[in-house]
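Enquirer: So the chains spell out like this:
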Amino acid sequence: MNDAERRPYLAIGGVTKRFAVGDEEIEALGRIDLTIDKGQFACLIGASGCGKSTLLRIVAGFEEPTNGGISVHGNAITGPGSDRGMVFQDYALFPWMTVRENIAFGPRQRGLVKKEINAIADKYIKLVGLERFADRFPSQLSGGMKQRVAIARVLANDANILLMDEPFGALDALTREQLQDELLQIWTRTGVTVIFVTHSVEEAVLLADRVVVMTAGPGRIDADLAIELSRPRDVSSPEFNAVRRSVSERLTSHMSRRELRSAA
Amino acid sequence: MDEVAGKALDGGTLHAAHAEESVKLRRRRRTLDRIRGIVLGVGFPVLLVVLWDLAVRYTETRLIPSPREVAVMMYDFTFGGIYDDAFSGTIVTHILRSMERVYGGFFTAAALGIPLGLMIGRVKVVRQLLDPTISLLRPIPVTAWLPLSMILFGLGPNAAIFLVFLGAFYPILLNTIFGVRSVDPRLFEAASMLGCTGSAMFRQIVLPASMPAIFNGLRLGHGFAWILIVVGEMTGVPTGLGSVIMDGRTLSRTDLAIVGMIVIGVLGFLTDRVIVKLNNRVLSWSPQHHE
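So the protein sequences, as listed, match chains B and F.
The numbers in my numbering rise by one with no breaks, and the one at position 73 of the first sequence is 76.
The numbers in my numbering rise by one with no breaks, and the one at position 182 of the second sequence is 1605.
Take these hints with a grain of salt, some might be off.
Quick list of simulated restraints, FRET-style, between CB atoms [stated by the list, open to error]:
#: 1; chain 1: F; residue 1: R1450; chain 2: B; residue 2: S142; range: 24 to 30 Å
#: 2; chain 1: F; residue 1: F1692; chain 2: B; residue 2: N121; range: 39 to 45 Å
#: 3; chain 1: B; residue 1: T178; chain 2: F; residue 2: A1567; range: 57 to 63 Å
#: 4; chain 1: B; residue 1: L177; chain 2: F; residue 2: A1534; range: 50 to 56 Å
#: 5; chain 1: F; residue 1: L1559; chain 2: B; residue 2: S142; range: 38 to 44 Å
#: 6; chain 1: F; residue 1: P1468; chain 2: B; residue 2: E180; range: 54 to 60 Å
Residues from chain F that keep clear of chain B, each with C-beta distances beyond 10 Å, as calculated [stated by the list, open to error]:
#: 7; residue: A1442
#: 8; residue: R1451
#: 9; residue: G1460
#: 10; residue: I1461
#: 11; residue: L1463
#: 12; residue: Y1526
#: 13; residue: K1547
#: 14; residue: L1559
#: 15; residue: L1569
#: 16; residue: L1571
#: 17; residue: R1609
#: 18; residue: I1628
#: 19; residue: S1675
#: 20; residue: V1697
Quick caveat, the hints were computed from the structure, so don't treat them as lab data.
Quick reminder that beta carbons are idealized off the backbone N, C-alpha and C, glycines included.
Starting from the given sequences, assemble the full structure and let the hints guide the process.
Expert: Listed below in structure tokens is the structure:
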């Protein structure tokens, strides 16, 4: 791969974040430097409180970093934008809109003509396999279906970067597996860049090209591991387990180190 | 081989028969439930009327008319031909006058309360500007405004409309504010990431998301509007159901006052049903806001 293709697509430079909680100030993120290539599937993993969701929200533009900045394709981001689509754990679908209307929401904001909006909606309803449920309201869908709508909603809006905040955390194991599979298919087919926050090592190793391990107090990057297993990945294979073990060790070794430090 | 198939078939038909039975049972239970609802719902007011009748007979009071006398008055008020006085056959006029005032006040309250509530709920500067004033004015009883409203709006329907407006305004406003404040902030984030900003956010997200609370406010406000019509028509208007009740008092015609009460009750009930129907239609997406 030559240098032009390798140039960072998403660049997080010197980002820190401090929150004011009452009179106290909490340092949520230390200094974070991270670059992600176009089309890459990166997982952020770490114990709760390590700032992985905060980092994702800063990339989404929902929160401003205290220091530093983020650029996409060389353009600094200043707020939420349709190039970065967030998929929330609790779906955040518009409950008064049908599946179709939810998916068509982004295209409608761009002021496209009705025919185009419908064509886009149809395309993404089909992509996530919800043709039969297009006219249902979110309250009439299962969790897995809701998350499919949420994914389709941001893709229909031409998001190049998919930001996923523990998107499958609230789903049962069977549905989770199915959606992981579908997400990988969508990722392969559309070539979107994915930043996926999770606290499951298995999920990270199954999905990602790259696992970024974060640690808490304040949040910082502890390790940046490339996952070079061939796809499709088999969670029961010895190779997969070896990688999973090494990522787990990385995650827990740090935790015990910190515990030792706090005990001393 | 044949025997096995036969057995399987038997099992199947047995199962189907069971299913049919349970469907029948469920349907019967639902019918019984509905009949009980009607019997209880209608029976209770009928019981109250019977008790009223017995109480009037037993005490031999001349101050409270019997249900029969009220029914006669209702007939005369509606069709005329019995007493042939100033009230005979005038029901439609009074209803129309009162409805003008109730809905004049109610719709003004909704037209001001909903947008203002959306703004106060969503825009901090507006909240800082208006919230203290509203909190200060709200506890003042609407009846306390009566003298001032007669000075401001004169001895006519406008004073009545103003009082009805005041009564309906606060529940609509406060429920709208509450509705906006309790919208999941993720919905705003989701909308802004999908390219929705500024006034489009109000129309497409803030308003529909607050709709359940707004309807709650409309229902409450509508109830207050009917309650306040009697106070509103104390301001010296010659027509309207409130003025009929006031006339009943001054003329010591309690039957007339009770007839006015019944008509207000029925109208309030019917229009409340209309709001509920509208509510169910607009909020069909929300199973917990369905009635």
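Enquirer: Now tell me if each hint is right for this structure.
Expert: Do the hints match the structure? See the list:
no.: 1; hint: F:R1450 with B:S142: 24 to 30 Å; in the structure: 26 Å, holds
no.: 2; hint: F:F1692 with B:N121: 39 to 45 Å; in the structure: 43 Å, holds
no.: 3; hint: B:T178 with F:A1567: 57 to 63 Å; in the structure: 59 Å, holds
no.: 4; hint: B:L177 with F:A1534: 50 to 56 Å; in the structure: 51 Å, holds
no.: 5; hint: F:L1559 with B:S142: 38 to 44 Å; in the structure: 40 Å, holds
no.: 6; hint: F:P1468 with B:E180: 54 to 60 Å; in the structure: 59 Å, holds
no.: 7; hint: A1442; in the structure: 25 Å, holds
no.: 8; hint: R1451; in the structure: 28 Å, holds
no.: 9; hint: G1460; in the structure: 26 Å, holds
no.: 10; hint: I1461; in the structure: 30 Å, holds
no.: 11; hint: L1463; in the structure: 31 Å, holds
no.: 12; hint: Y1526; in the structure: 27 Å, holds
no.: 13; hint: K1547; in the structure: 17 Å, holds
no.: 14; hint: L1559; in the structure: 29 Å, holds
no.: 15; hint: L1569; in the structure: 41 Å, holds
no.: 16; hint: L1571; in the structure: 41 Å, holds
no.: 17; hint: R1609; in the structure: 4 Å, violated
no.: 18; hint: I1628; in the structure: 7 Å, violated
no.: 19; hint: S1675; in the structure: 54 Å, holds
no.: 20; hint: V1697; in the structure: 21 Å, holds
In summary, the structure is inconsistent with hints 17, 18 from the numbered list given earlier, while agreeing with the others.
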